[in-house]
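*Asks:* Required output: the full structure, derived from the provided sequences and hints.
Protein chains in written order, with this note's numbering: chain C, 6 to 541; chain V, 198 to 499; chain D, 603 to 919.
Where hints are given, some of them may not hold.
No farther apart than 30 angstroms at their CA atoms in a straight line, the calculated lysine-lysine pairs in the DSSO-like style are these [claimed, not checked]:
id	chain 1	residue 1	chain 2	residue 2
1	C	K301	C	K277
2	D	K652	C	K143
3	C	K150	C	K128
4	C	K276	D	K779
5	D	K779	C	K212
Hints in this document: simulated from the structure, not taken from any laboratory.
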Amino acid sequence: MSRMRVTISLLVPSLVLVIALGTPAISQTPKSGGTLNITQREDLPQGFAIHETQTSSTVWPSMPCFNNLVVYDPAKKVESFDTIVGDLAEKWSWQDNYRNLVFFLRKGVKWHDGQPFTSKDVKFTFDMVREGADAPAKLRINPRKDWYANVESIETPDAHTVVFHLKRPQPSILMMLASGYTPVYAAHVPPANYRTSCVGTGPFRLKEWRKGEFVEYVRNPDYFIKGRPYLDGLKYVVIVERGTRSAALQSGAVDVSYPGETSKTQAEQLKKAVPQLVVTPVSENVNNNVIMNIKKPPFDNLKIRLAVSHAIDRRALIQAVYQGGGVIGAAMAPKPHAFWGLGDKDLTALPGYGNAAEEKARAKKMMAELGYSPEKPLKVEMVTRAIAIYVDMASFVINELKQIGIESTLKQIETAQWHAMAVRGEYQIGANLTGLGADDPDGNFYENYACGSPRNYTHYCSEQVTKMIDQQSQEIDQKKRLAMVYAIQKKLEEDAARPILSWRMDYFTHWPYVKGLVVQNNVYNFGRMQEVWRDK
Amino acid sequence: MAASPLGVPVDLVVVTAPARPGWGTTLGRFIHRKPLGAAGGAIMLVMLVTAVLAPWLQTHDPIATDATYTLGRPNAEHWLGTDHLGRDIYSRIVHGAWVSLVVGTGSTLLGSVLGGIIGLLSAYVGGKTDLITQRLLDILQGLPLLVLALVMSASLGPSIRNVIVAISIPIIPRAARVIRASVLSIREMQYIEAARALGVRHLRTAFRHILPNTVGPFIVLCTAQLGSAILVEATLSFLGMGIPEPYPSWGRMLSVSAAEYAQKAPHLVLFPGIAISLAVFGSNLLGDALRDTLDPRLRGSR
Amino acid sequence: MKSYVAQRLGIAILTLVGMSMVIFALLRLAPGDIVDILFSTAGYVNEADKQALLKELGMDRPYWVQYLDWMRQILTGDLGKSYRYDIPAWEIIRPLLPVTIELAILSIIVAVALGVPTGVISAVRQDTTLDYALRVVSLAGLSMPSFWLGMVIILGMVSWLGWIPPMTYVRPTENFKAHAIQFALPALAVGYRSSALIMRITRSSLLEVMREDYIRTAWAKGQAERVVIWHHALKNAILPVVTVIGIEFAFLIGGLVVTETVFNLPGVARFLVQAILWRDYPIVQNLVMFIAIVVILSNLFVDMLYGVLDPRVRYGS
Numbered sequence: 006m007s008r009m010r011v012t013i014s015l016l017v018p019s020l021v022l023v024i025a026l027g028t029p030a031i032s033q034t035p036k037s038g039g040t041l042n043i044t045q046r047e048d049l050p051q052g053f054a055i056h057e058t059q060t061s062s063t064v065w066p067s068m069p070c071f072n073n074l075v076v077y078d079p080a081k082k083v084e085s086f087d088t089i090v091g092d093l094a095e096k097w098s099w100q101d102n103y104r105n106l107v108f109f110l111r112k113g114v115k116w117h118d119g120q121p122f123t124s125k126d127v128k129f130t131f132d133m134v135r136e137g138a139d140a141p142a143k144l145r146i147n148p149r150k151d152w153y154a155n156v157e158s159i160e161t162p163d164a165h166t167v168v169f170h171l172k173r174p175q176p177s178i179l180m181m182l183a184s185g186y187t188p189v190y191a192a193h194v195p196p197a198n199y200r201t202s203c204v205g206t207g208p209f210r211l212k213e214w215r216k217g218e219f220v221e222y223v224r225n226p227d228y229f230i231k232g233r234p235y236l237d238g239l240k241y242v243v244i245v246e247r248g249t250r251s252a253a254l255q256s257g258a259v260d261v262s263y264p265g266e267t268s269k270t271q272a273e274q275l276k277k278a279v280p281q282l283v284v285t286p287v288s289e290n291v292n293n294n295v296i297m298n299i300k301k302p303p304f305d306n307l308k309i310r311l312a313v314s315h316a317i318d319r320r321a322l323i324q325a326v327y328q329g330g331g332v333i334g335a336a337m338a339p340k341p342h343a344f345w346g347l348g349d350k351d352l353t354a355l356p357g358y359g360n361a362a363e364e365k366a367r368a369k370k371m372m373a374e375l376g377y378s379p380e381k382p383l384k385v386e387m388v389t390r391a392i393a394i395y396v397d398m399a400s401f402v403i404n405e406l407k408q409i410g411i412e413s414t415l416k417q418i419e420t421a422q423w424h425a426m427a428v429r430g431e432y433q434i435g436a437n438l439t440g441l442g443a444d445d446p447d448g449n450f451y452e453n454y455a456c457g458s459p460r461n462y463t464h465y466c467s468e469q470v471t472k473m474i475d476q477q478s479q480e481i482d483q484k485k486r487l488a489m490v491y492a493i494q495k496k497l498e499e500d501a502a503r504p505i506l507s508w509r510m511d512y513f514t515h516w517p518y519v520k521g522l523v524v525q526n527n528v529y530n531f532g533r534m535q536e537v538w539r540d541k
Numbered sequence: 198m199a200a201s202p203l204g205v206p207v208d209l210v211v212v213t214a215p216a217r218p219g220w221g222t223t224l225g226r227f228i229h230r231k232p233l234g235a236a237g238g239a240i241m242l243v244m245l246v247t248a249v250l251a252p253w254l255q256t257h258d259p260i261a262t263d264a265t266y267t268l269g270r271p272n273a274e275h276w277l278g279t280d281h282l283g284r285d286i287y288s289r290i291v292h293g294a295w296v297s298l299v300v301g302t303g304s305t306l307l308g309s310v311l312g313g314i315i316g317l318l319s320a321y322v323g324g325k326t327d328l329i330t331q332r333l334l335d336i337l338q339g340l341p342l343l344v345l346a347l348v349m350s351a352s353l354g355p356s357i358r359n360v361i362v363a364i365s366i367p368i369i370p371r372a373a374r375v376i377r378a379s380v381l382s383i384r385e386m387q388y389i390e391a392a393r394a395l396g397v398r399h400l401r402t403a404f405r406h407i408l409p410n411t412v413g414p415f416i417v418l419c420t421a422q423l424g425s426a427i428l429v430e431a432t433l434s435f436l437g438m439g440i441p442e443p444y445p446s447w448g449r450m451l452s453v454s455a456a457e458y459a460q461k462a463p464h465l466v467l468f469p470g471i472a473i474s475l476a477v478f479g480s481n482l483l484g485d486a487l488r489d490t491l492d493p494r495l496r497g498s499r
Numbered sequence: 603m604k605s606y607v608a609q610r611l612g613i614a615i616l617t618l619v620g621m622s623m624v625i626f627a628l629l630r631l632a633p634g635d636i637v638d639i640l641f642s643t644a645g646y647v648n649e650a651d652k653q654a655l656l657k658e659l660g661m662d663r664p665y666w667v668q669y670l671d672w673m674r675q676i677l678t679g680d681l682g683k684s685y686r687y688d689i690p691a692w693e694i695i696r697p698l699l700p701v702t703i704e705l706a707i708l709s710i711i712v713a714v715a716l717g718v719p720t721g722v723i724s725a726v727r728q729d730t731t732l733d734y735a736l737r738v739v740s741l742a743g744l745s746m747p748s749f750w751l752g753m754v755i756i757l758g759m760v761s762w763l764g765w766i767p768p769m770t771y772v773r774p775t776e777n778f779k780a781h782a783i784q785f786a787l788p789a790l791a792v793g794y795r796s797s798a799l800i801m802r803i804t805r806s807s808l809l810e811v812m813r814e815d816y817i818r819t820a821w822a823k824g825q826a827e828r829v830v831i832w833h834h835a836l837k838n839a840i841l842p843v844v845t846v847i848g849i850e851f852a853f854l855i856g857g858l859v860v861t862e863t864v865f866n867l868p869g870v871a872r873f874l875v876q877a878i879l880w881r882d883y884p885i886v887q888n889l890v891m892f893i894a895i896v897v898i899l900s901n902l903f904v905d906m907l908y909g910v911l912d913p914r915v916r917y918g919s
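*Replies:* This is the structure we're talking about:
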């Protein structure tokens with residue numbers, strides 16, 4: 006009898022153990038309720054007016070209020086063409102060989118003030134953003150007008166259908182429409198209102214924005230997806246100092262970090278203090294680069310530009326400035342973190358990516374041929390923004406260049422003057438960061454490398470490359486397009502148009518009871534919080 | 198030998214004025230009477246020497262980064278550890294002394310001299326000019342030190358020269374006040390009246406007779422403001438509006454990056470702060486002792 | 603007495619007007635304006651848009667027109683609209699004021715609570731080891747950058763006590779205990795600095811007064827030392843101390859700016875720095891004027907207190 010008992014008493018726990026180990030982890034059922042405290046790195050510069058901003062400081066806390074036409078599937082980590090799903094559009098279809106894009110909109114969607122959502126709102130938003138001839142309203146600042154340069158007109162055959170007529174085929178336009186940068190505004194709300202408050206269709210309604218302190222949301226009970234959102238509310242807490250942000254996360258005062266603001270070292274510190282924190286290394290789609298004014302000496306000389314590119318040890322920079330929290334890559338973010346970037350194999354052949362000692366020797370030789378050496382250096386002035394991370398990177402670059410015979414003094418430029426100075430070409434060389442709104446070649450290339458683009462700070466202008474960019478934009482075949490994009494990236498590095506130094510990795514951290522938040526490889530796109538729930 | 202009425206043989210009767218105390222004795226007396234002040238002076242001296250000999254005292258190039266040893270603890274090679282870019286903290290602190298000293302003394306001297314001249318002239322001329330000048334100085338002084346320095350720094354842009362100017366501006370009214378008060382009290386003295394009565398030219402009177410007597414308060418003023426200037430520079434650098442790279446500044450060493458990595462590398466926070474505190478402490482101690490010695494009338498007041 | 607007050611008030615107003623001009627001019631000297639920043643954060647510059655924005659903000663008018671407009675607004679109690687936030691400045695500043703005022707008051711309380719007793723002890727035990735020790739400790743307080751002190755306090759708490767103080771602002775109505783802790787640390791950091799000056803003044807004025815004849819008389823009469831000190835000497839020494847408190851208030855602002863930054867308190871001082879960086883002229887101008895008014899009023903108040911308490915003092919001497 007006792008033997009039976011022993012057997013049973015052994016059997017039951019072992020059975021349980023077998024079941025627990027043997028069964029694949031069943032995904033837990035989301036629970037409703039609770040609020041989330043989320044880090045916000047500074048007070049919102051443009052309020053909730055996403056169309057008037059270029060910074061995640063506005064996009065991150067505003068996304069819960071809005072919906073797009075389409076989005077990147079919030080459950081997938083790497084964004085690509087294949088992960089685009091419908092948001093306000095139920096389905097869409099390309100017609101006339103990718104020249105017309107038809108969206109079939111959801112029915113029964115309401116704005117936060119009760120008004121019905123119709124195709125009129127879509128036409129209003131995008132006519133305004135593309136600054137069409139009969140635009141119903143004007144944005145005060147319109148950074149992404151060029152994204153829609155190819156849109157000929159927008160038609161609304163009925164209340165739930167929208168047609169985008171394009172001038173030429175452009176498959177990429179869907180990628181841009183899926184970005185966090187393209188919400189749909191309400192046609193009955195003046196765009197200026199979005200600078201102070203928010204009327205959207207999104208899963209959360211704005212409750213309060215206390216300037217400099219926090220932004221508070223409550224659940225939208227009329228959201229068009231039943232059962233979402235899971236959370237009752239969100240609170241974005243403004244914490245400006247990085248050290249303080251870490252401390253707040255550590256103590257649980259906030260549950261989620263800010264995308265792109267957690268360095269590898271900070272994550273390690275946090276994990277050591279609180280082992281149960283969940284850290285997700287992810288590419289931010291932000292790169293460090295060196296801008297050199299191609300219109301002015303000495304950097305109008307390709308040889309000097311190439312010398313600069315050869316001289317900078319990318320891998321050492323990643324170690325020094327980011328404590329290893331970064332990857333090397335060319336003009337597009339590299340695999341596996343993104344889709345279009347060159348892989349390691351192709352990279353090592355490009356200037357600056359090979360063996361560090363060899364590259365430096367090469368750079369030194371190139372400078373010597375031009376008559377410069379560390380004893381007789383070329384004196385230049387480097388500019389950078391007066392922000393710690395820029396300054397750190399610039400300090401490193403200065404040190405690298407010193408070794409090949411370029412001596413630079415560092416001039417820090419305040420935010421107020423940075424862009425104007427760069428556009429006017431009032432600099433020689435600079436240490437710069439560039440963030441990409443979408444992992445799409447169109448957005449990146451046109452903005453930063455096309456002749457005459459306002460954000461082409463280096464004033465690089467190559468007819469050949471511009472042609473190549475136009476070509477890839479119209480290419481329907483993904484494979485062919487990929488090959489073209491590879492070719493462009495190689496050419497840009499060989500021309501030292503804007504030597505890319507590294508792609509930053511973010512070590513996004515959150516407490517384990519935060520579930521359903523999939524960190525995507527772009528800081529601007531995953532902040533809707535629609536699928537997020539609390540396990541505690 | 199001449200017969201002397203004194204009854205003792207005397208060759209010569211020499212009358213000399215009492216010997217003036219040499220520098221050595223003055224210093225010795227100062228050290229003995231004001232040990233705290235002497236300690237302060239010693240600290241300032243060390244700082245001066247460090248600043249001047251910085252290129253020889255450093256162990257590494259202060260702007261050389263080292264990717265292999267970031268946030269490193271103090272060891273035999275890096276006496277005070279390294280920062281987040283692998284730069285040697287000891288060498289940066291040594292060079293920072295030069296920066297703090299240059300900015301501190303530069304702005305103090307600039308502000309005190311300008312303010313002193315304004316105060317001297319204002320007090321000497323007197324009347325309506327004096328009144329108006331006083332009001333203008335009130336205006337400058339009414340704005341809090343840091344705020345004024347911040348706005349000036351933002352206006353002029355970050356560079357070592359501009360920071361010196363920005364910090365010197367708030368010092369001007371304070372210096373003018375002190376010198377003016379000193380001049381006013383001296384002006385009434387008898388011998389000035391006498392000189393005037395004798396027809397000595399105004400300017401001559403001012404610069405020859407009054408000025409030397411303001412030296413005491415002036416020195417006291419300078420040492421008092423020096424500590425304050427160093428602190429303001431540190432605060433400006435901490436807020437990101439001070440000395441830009443590549444000059445190492447103690448204040449900037451304490452800003453963003455230090456707070457970020459404080460838990461992992463507390464030495465980033467401790468050493469630059471100790472350096473600043475020591476420098477200001479030394480100048481305050483010295484200033485106090487000098488004030489007690491040079492101008493006993495001011496003893497016990499602000 | 604009335605004419606005294608009126609005269610001082612008149613002078614104060616003139617001074618304030620002068621200050622407004624200085625601040626107005628200084629701000630416009632700074633290169634770049636809000637429009638440049640807005641476009642910078644948007645990453646592009648479009649001349650036509652820029653001109654339209656300048657016009658909308660009223661920044662295309664000549665400077666003297668803008669200045670007069672600002673003066674007119676102040677006189678009507680209108681604090682203008684923030685360039686950055688597009689809403690009335692008062693709406694933004696209002697919730698920030700209580701935080702800064704509370705911190706300022708707490709700091710002054712700490713400063714007086716620390717400074718006066720140590721000053722008295724130091725004066726009474728003049729030139730003893732205790733005196734020297736106290737003077738060194740208090741001077742150390744004056745020498746440390748207040749932001750550093752704040753950082754060291756937080757670092758100490760985290761490293762030795764393993765406890766992180768509340769890092770996000772807690773209202774007193776929400777959780778009084780957390781709120782109290784949250785304000786105690788920065789008040790200590792700022793108060794320690796101010797206490798140094800108060801301690802020195804208390805000490806020196808007490809020393810001076812103690813030498814006075816009537817104090818000696820009181821001693822000779824045999825009253826207990828304590829009574830003598832506390833009743834006679836302190837009463838007269840209070841005057842300079844009050845003066846210093848008034849003046850310290852101006853220095854306090856600097857300490858508040860960095861402390862609010864380090865401890866992440868949403869106060870007016872920290873906001874001022876942000877506004878300067880953003881060239882948000884209306885906010886900066888009005889805040890600085892506000893600070894100036896507070897400083898001048900406190901100076902005036904102290905002066906009048908002097909006038910009331912010490913009849914020998916009169917304006918115009």
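*Asks:* Take the C-alpha atoms of K276 of chain C and K779 of chain D, compute the straight-line distance between them, and say whether it is at most 30 angstroms.
*Replies:* holds (28 angstroms)
*Asks:* Are the Cα atoms of K150 of chain C and K128 of chain C separated by 30 angstroms or less?
*Replies:* Holds, at about 15 angstroms.
*Asks:* Within 30 angstroms, alpha carbon to alpha carbon, are K779 of chain D and K212 of chain C?
*Replies:* The hint holds at about 27 angstroms.
*Asks:* What's the verdict on K652 of chain D and K143 of chain C, does the C-alpha distance respect the 30 angstroms limit or exceed it?
*Replies:* holds (13 angstroms)
*Asks:* Taking only the CA atoms, is the gap from K301 of chain C to K277 of chain C under or equal to 30 angstroms?
*Replies:* Since the Cα atoms of K301 of chain C and K277 of chain C sit roughly 49 angstroms apart, the hinted pair is violated (cutoff 30 angstroms).
Comparing the model with each numbered hint stated earlier shows that hint 1 is the single one that does not hold.
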